[in-house]
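Engineer: If you want the building blocks of each chain, they are given just below.
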Amino acid sequence: MVNPAVIASLEPYTAIGVTILLAIAAAVGALAVAHGLGPKRGGPVKDSPYESGMPIAQDTARRFNLRFYLVALLFLLFDVEVVFLWPWAQAYYAAATGSAAPVVLDGGQAAGKGFLLIGMGLFFGLLVFGLAYEWLRGAFRWNQ
Amino acid sequence: MSLKAYILALAPELIVLFGACLVLLLGRRDLRRQPPAAPLAAFVTLSVALGVAFLTGVPEEPRLVPGLWLGGLTFYIRLIGLAVGAVLVLVNWHQAVEDERGEYLSMILFSLLGVLLTASADDLLVLLFALELVSVPTYVLIALSRSSHRAGEAAVKYFFLGALATALLAYGLSFLYGVMGTTALHRVTDAGVVSTLGGGSALETYALIGLLLVFAGVAFKMAAVPFHVYAPDVYEGAAAPVTGLLGFAPKAAGFVALLRLFDACAWDLPQHLFWLLWIVAAATMTVGNVVALLQTNVKRMLAYSSIAHTGYILIALLVGPATGEGPLRDGVAAVLFYLPVYGLMNLGAFALIGAFRIDEREPETLDELAGLARRAPAESLTLGVFVFSLMGFPPTAGMLAKVFVFGSAFSAGSAHPHRLALIVLAVIGVANAAIAAAYYLRIVTAVYMKNEGCRCLPAQGGPIRLGLLACALPLLLVFVWPGALTHEARRASAHVHPPTLRLAAPALTDPPPTPVAITARTVATSTAGQP
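Going down the list, the sequences are from chains C and Y.
Its first residue numbered 1, the first sequence is counted upward by one per residue in this note's numbering.
Its first residue numbered 1, the second sequence is counted upward by one per residue in this note's numbering.
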């Protein structure tokens, strides 16, 4: 049923497949050995999530203030932005000094300094606009 | 390749982008001196962008901006997207709570921006993000549209199913990237992804998987069977003016995306995919129309009608570019003609529901609309136009749209490999159009024939009435004078197939080409003038 050529084309992925199988085997194996050989003694302390850690204050399934999510979202925004800024800085440096291999655009010519600057400027401008909007909207006022 | 050229080439998109940002800020209370500042700014933005798009005309240099292909399709979608968008803003003028109106209207603009970018996308990633730009604002729009728990439920339902559809789409595109060896659509061979690599090779299977997954993801946005289940609930839950947008933006973007992708396959779809699409088209029409017969809630009825119309458009999509003889042979032009016509008639029907209130909410059932003609004769007359247009009756553009779609299938040439199948599909379509008349006429009957006093009160504001007029008039005008729109649709259809600058997709056995290698070959071929 399955085309043999499809199977053949999957060959480069053999190593990944073996790694996945090994990882599953290691995890399941460790649990199975612990389950089979380990002594079984119960008790309130033994059954708590952190046996040798902090005492449990309350259940984890409780309500969190919605503002935490807002902070998390804003953090994510700037986190991703930095990830994007780093390779951009490399490319800009290459374009400015002509040292490394330039970024090649679709049309075939190397991306110039101006193109990179304007592209990042647009992206950065939109992010800053989003921040300004959040600020004006009062997203940073915790007690509102 | 100066900055000025970039800005000119993308002027309508940039205007919409900055306009959307401005509208977002105008929602702020202390920046909003006059209450209608946000809707007015949104309307002006779209009008200016439409004017600029019209004046700049069809872009002359299609490959100016990396990742985009600016051609006739771009121009056509700019015109219809911005024009329908301006009407959408009119209809949504008083929607949402006043404090959230800036956010609300800017989401409409962002969604329209996504539609514009989908038409120009020349890169799989740009295509994915453009489709997401259409969808993500609609989740917000549904939730903001009215303060009812049903709107929240509809938004969450749409969001989770939409996220699943996007995952399918992205996964499918990753398969296509594997087959093509590039994300740029224009690099795919003239013979297409599938057929060049066909003949039992491994890549054919991958291309099929990729196209199937992409179609599944896009079918959700177009509400095609079997991905239509969400549509009635979401359309019913959202406020009627937003539902009008849901019938246009995601559907138009989905069809345009499929046009781009099928063009990359040179319209030579794999057998399995053709028959799957055939079944989907037939099932979508039939399920939509038959289930609509059972509805008493007008919004749900129109939701099923929206599903059925997706089926009609799929017929023309399967026909593809012109193969046969006769004036109606171009399936792509039929798709492009149907999209704005359907967008306006659907928007108009929902806008009419949004223009009235019963106990502070929209009238939804047929009983609640009964006898509306006595209370509001002018609005009822526009409803008549929309319903007859949806039905495909003269003197409305809906009739022409149906004629073009069915005509394209009937005049598919003998060169088309599935000529007979297309004719059968068109016959199913015609039968469905007849079934559909039964429930569309129930709306007209309720409004005009029932003598009960209607409890509907006119909703706030003149803009929505202006919007009703702006939906109804073009439908009548296009029927009388279809030349302009059909001319533009045909021209866009001719531009859908970028004729030059295509390279053989590298086979999987080759080492992955470095960007420099590809560009060197591109430059060499384009200067030497060799295919």
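Take the hints with a grain of salt, since some may be wrong.
As the list claims (entries may be wrong) - No more than 20 Å apart at the CA atoms, straight line, and that leaves these computed lysine to any residue pairs for SDA-like:
#1 Y:K4 x C:E134
#2 Y:K4 x C:F115
#3 Y:K4 x C:L122
#4 Y:K4 x C:M120
#5 Y:K4 x C:G125
#6 C:K113 x Y:I7
#7 Y:K4 x C:G121
Note that these hints are calculated values from the structure, not bench results.
Being a predicted model, the structure only gives us computed values, none of them experimental.
Engineer: Y:K4 and C:M120 were given as a pair; does the straight-line alpha-carbon distance stay at or below 20 Å?
Structural biologist: 17 Å, holds
Engineer: Just to be careful, I want the Cα atoms of Y:K4 and C:L122 compared with a cutoff of 20 Å; is the pair within it?
Structural biologist: Given that 20 Å is the threshold and the Cα spacing comes to 15 Å, the pair holds.
Engineer: If you draw a straight line from the CA of Y:K4 to the CA of C:G121, is it 20 Å or shorter?
Structural biologist: 16 Å, holds
Engineer: Would you mind confirming whether the straight-line C-alpha gap from Y:K4 to C:F115 stays at or under 20 Å?
Structural biologist: 12 Å, holds
Engineer: Holds or violated: are the alpha carbons of Y:K4 and C:E134 at most 20 Å from each other?
Structural biologist: Given pair Y:K4, C:E134 is violated - Cα atoms ~32 Å apart, limit 20 Å.
Engineer: Is the Cα-Cα distance between C:K113 and Y:I7 20 Å or less?
Structural biologist: 17 Å, holds
Engineer: Compare the distance between the alpha carbons of Y:K4 and C:G125 with 20 Å, and conclude whether the hinted pair is satisfied.
Structural biologist: Holds: Y:K4 and C:G125 sit about 19 Å apart, inside 20 Å.
Violated hint for the displayed structure: number 1, the only one.
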